[in-house]
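Required output: the full structure, derived from the provided sequences and hints.
Taken in sequence, the protein lines are chains A and B. Heads up: the first sequence is residues 1 to 447, going by UniProt numbering. Heads up: the second sequence is residues 1 to 218, going by UniProt numbering.
Rather than coming from a laboratory, the hints here were simulated on the basis of the structure. Owing to the predicted nature of the structure, the values given are computational and were not obtained by experimental measurement. For glycine and all other residues, C-beta sits at the position ideal for the given N, C-alpha and C. Among the hints, a few may not be true.
As the list claims (entries may be wrong) - Quick list of simulated restraints, FRET-style, between CB atoms:
hint: 1; chain 1: B; residue 1: K113; chain 2: A; residue 2: A62; range: 22 to 32 Å
hint: 2; chain 1: B; residue 1: E177; chain 2: A; residue 2: G27; range: 35 to 45 Å
hint: 3; chain 1: A; residue 1: N4; chain 2: B; residue 2: Q35; range: 19 to 29 Å
In case you want the letters, here they are:
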Amino acid sequence: MEENYDVIVLGTGLTECILSGLLSVDGKKVLHIDRQQFYGGESASLTLSQVYNKFKPNKTPAESLGKDRDWCIDLIPKFLMANGELTNILVHTDVTRYIEFKQISGSFVYRDGRIAKVPSNEMEAIKSSLMGFFEKRRMKSFLEFITNYKEEEVGTHKGLDLDKNTMDEVYYKYGLEKGTKDFIGHAMALWPNDDYLKEPARETYDRIILYLHSVARFGKSPYIYPLYGLGELPQGFARLSAIYGGTYMLDTPIEEVFYDDDGKFTGVKTKEGVAKAPIVIADPTYFPEKVKKVGQKVIRAICILNHPVPNTHDTDSAQIIIPQNQIGRKNDIYIAVVSHSHNVTAKNQYLAIISTVIETDRPHVELEPAFKLLGPTEDVLMGIAELYEPLEDGSKDHIYLSRSYDPSSHFETTTDDVKDLYRRVTGHDLVLKKRKTVEEEESLACE
Amino acid sequence: MSSNKQITAVKLVLLGEAAVGKSSLVLRFVSNDFQENKEPTIGAAFLTQRCTIGDKTIKYEIWDTAGQERFQSLAPMYYRNAQAALVVYDVTKPKSFIKARHWVNELHEQASKNIIIALCGNKYDIVESEDNDASTENEDDDSRKRKVSVQEGQTLADDEGLLFFETSAKTGFNVNEVFTTIGKHIPEATSSENAAGQERVDLTNRLDSSSTDSTCQC
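Structure, rendered in structure tokens:
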């Protein structure tokens, strides 16, 4: 086989699969290759045996954990914001045809040694056990300010300028306590650290609005999650790409990369032969010499439980955020809890995946506050990942590289990377168009 | 159609070697049409068709491979929750029959235990005259002769517990029969499945039950 393509994509992680799908829909001829036998790369969901093979190769999973294939364990724990950009892309590309979503039942935050539900409106703020009597009223006024704020009505600005005043100044105006700032900034605006306090309030405002609108969309929490795990996402976008003519080759290592005299990418050689294209998009693992360390390492601990997480009202799924200040750290700790109700575990089993940025040389000890919240575990599988980003933007060698998946609790940074790559590759911004309806595509097939 | 009838949605997946007529079979079933030398399908791999069998209506959601079978790169998603599968081979191509065995094994491994699998020996139209008249054996074009006997197909089907048909997307021979027979074997949707369905969120917030999909005359 010697074939010509418009774009070659290496790695079937979520970022690469979304780009592959978008470019195929744009009419580009795409060849998409993965060296591994399964879709998803770093963002795959694996079975129990695959996960043990990766993290504990000398141990076999306990029989009490049930059937291997009932498990879909995410390597990168994240949730979708119901009103976030990934949801937007899913809807516009109609990849929602292939994937079913359910809500994540609860959003919890750690304060003063225990966890409580994050209040998502003024009523919940009044009832919340997170705050004392007077603080509840202050929180209520703050939320009223956020939800009533209208750009064109100066009266709703309450004397604040979101582009000039820092978030710290906004908090000060409402007289909020340190612990309340922690859960607003970290469990609602979802900042991973406290750098935002000194920045203009605008972005934090936007993030709180995203949180509140996402909660309002379906009710229980701002998060949604695909049945059978996050690994469905890359598969869904790969299917979109294939339907629009994309060619898929799994289990196909790259034997050689070809360049022209100017050092520009021209193609790759695999067991199937040579494939040529003027552009390649890849995850950092395919071009290790063209990426650098971000300087952050992420620890992720997959905890298998046979009980719901204590103090979450026996919820089947939850996001639990431990803000950095609460435990004297620089980075938040996230716990993503999922279970059988999202078809990712065997019956009566739960998965709690803890993640954070490593700050010391004893990373497992850093996770101690999270382990305490979870209660007894059946087993814990831990991995540490170095984060990478591309050295160059790809304009010189036509090699366009994605970033590693960061420890954030949602996909907003992933979709930022998708948009950035799309712009670098095509030279213009991504404008999402509504995909043809089922009926229109049917008539296409019947032409 | 009456609205009080229960409509059972059935995910049906197509499997088989390239160019055995997977898309053509579906095209014949969905729009009673056939195209010679059809190009591989682009931009269309999700077709729906209603089928009324007695007092039940089945809405087939038909998934085409979209070419992902070419380099053995079908995603687990493809098999997920499939209630029925069509494994297609070409009666003039022995290699496609070997491949059919492979797909049946793959389905036993990847798909749900109670999936209904129909094995279809397609392009029956090419061998029809040969079957009816033994004296045409001296025909020159070897590629237009039967290479997989009915018995071979039937034996594979019996061994693996499959429904078996020889079909022709070109003439329409047996095509509706495949889908109605599958439909007869589909169990009624259980109430627990419906309850689980209600918890799912609709990201599109638009009605999915479009009134435009047609009903076949089977």
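For each hint, the structure was consulted:
1. K113/B / A62/A: 22 to 32 Å: 24 Å, holds
2. E177/B / G27/A: 35 to 45 Å: 39 Å, holds
3. N4/A / Q35/B: 19 to 29 Å: 27 Å, holds
The structure agrees with every numbered hint stated previously.
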